[in-house]
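> Sequence:
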Amino acid sequence: MKENLKILMCEDDENLGQLLKEFFSTKGYIADLLPDGEAGIKAFMKGNYDFCLLDVMMPKKDGFSLAKDIRAQNPEIPIVFLTAKYLKEDIVEGFKIGADDYITKPFSMEELYYRIEAIMRRVRGRRQSADSVYKIGEYVFDAQKRSLSINGEVKKMTTKESELLLLLVSHANDILERNVALKTIWVDDNYFNARSMDVYVTRLRHLLEKDPNVEIINIHGKGYKLTYN
1 MKENLKILMC EDDENLGQLL KEFFSTKGYI ADLLPDGEAG IKAFMKGNYD
51 FCLLDVMMPK KDGFSLAKDI RAQNPEIPIV FLTAKYLKED IVEGFKIGAD
101 DYITKPFSME ELYYRIEAIM RRVRGRRQSA DSVYKIGEYV FDAQKRSLSI
151 NGEVKKMTTK ESELLLLLVS HANDILERNV ALKTIWVDDN YFNARSMDVY
201 VTRLRHLLEK DPNVEIINIH GKGYKLTYN
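All residue numbers for the sequence shown refer to my numbering, where the first residue is 1 and numbers rise by one.
Keep in mind that the hints were calculated from the coordinates and are not lab data. Do not take every clue at face value.
[As the list claims (entries may be wrong)] Derived lysine to any residue pairs resembling SDA-like cross-links, with alpha carbons at most 20 Å apart:
#, residue 1, residue 2
1, K60, A39
2, K145, F51
3, K225, T104
4, K156, D188
5, K46, K105
6, K6, A84
7, K145, I119
8, K46, F23
9, K222, N173
10, K61, I30
11, K155, E110
12, K135, R203
13, K21, A39
14, K225, I185
15, K6, K156
16, K68, P106
17, K96, N173
18, K156, N173
19, K222, K145
20, K6, Y114
21, K156, M45
22, K42, D62
23, K21, P106
24, K156, K60
25, K96, D188
26, K68, E22
27, K105, R115
28, K105, F23
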């Protein structure tokens, strides 16, 4: 893990926020604590952060709105939601926005730390290994830049979109099994991660819809297959 990981932490519970900040400092992290979403986006625009830890229920601007603003500026930065809400709808909403993980309160700080480490290991691994450009039908997929282009139009991709497409490309015209994708990208094949993957498959289909010859086919009970000419 890189030393002095810089975390943007938005949490309106000051006591919890200070405890987390002190805990992170013992792990070599630098955590900036902000009390609401408006202060959070201002800090994000000024700071050079490696990671975002966002409470969902905050005054002025909630965590979901803040995450959308952050994603508009940086589609790749890891985002983890921290919340007391355990509704499936909220968890799915978080993953739709592009969350890398979703932690419900109460939680173990050590578990949170190791989840952050796992996410950052994957991020660093992708930066080191994703150095290829792929032709997918009429599209050009640059895994290193995390971009997808067609007819001169270039779209930036989120980290997970790029990672999942890269995995599908590596299994092109073959079945990518669900459990393989979940354990490779999400680490765990639990229910919420499975729902998250389904959301990302839908997003990839939308990104690839301009070439009718490119399809991501659902193979019932098995996984997905990327096909193209």
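> Checking one constraint from the list: CA of K105 to CA of F23, max 20 Å. Satisfied?
16 Å, holds
> Holds or violated: K61 with I30, Cα cutoff 20 Å?
The given pair, whose Cα atoms are some 23 Å apart, is violated under the 20 Å limit.
> Are the Cα positions of K225 and I185 separated by 20 Å at most?
17 Å, holds
> Keeping to a limit of 20 Å between CA atoms, is the pair of K135 and R203 held or broken?
Within the cut-off at roughly 19 Å; holds.
> Mind checking the alpha carbons of K156 and D188 for me, to see if they're no more than 20 Å apart?
Given that 20 Å is the threshold and the Cα spacing comes to 26 Å, the pair is violated.
> Does D188 sit within 20 Å of K96, going by the straight-line distance between their CA atoms?
This hinted pair holds, its Cα atoms lying about 18 Å apart.
> Against the 20 Å threshold, does the CA-CA distance of K21 and A39 hold or violate the hint?
Satisfied, since the Cα-Cα distance of roughly 17 Å is no more than 20 Å.
> Is K145 within 20 Å of F51, Cα to Cα?
19 Å, holds
> If you draw a straight line from the CA of K222 to the CA of N173, is it 20 Å or shorter?
14 Å, holds
> Starting from K145, check that the Cα of I119 is at most 20 Å away, please.
Holds. K145 to I119 sits at ~19 Å (cutoff 20 Å).
> Does K156 pair with K60 here, judged by a C-alpha cut-off of 20 Å?
Cα-Cα ~29 Å, so violated.
> Has the given pair, K96 with N173, been kept, meaning a C-alpha gap of at most 20 Å?
Distance of about 26 Å is beyond 20 Å: violated.
Of the numbered hints stated above, those contradicted by the structure are hints 3, 4, 5, 6, 8, 10, 11, 15, 16, 17, 18, 19, 24 and 26, listed in ascending order.
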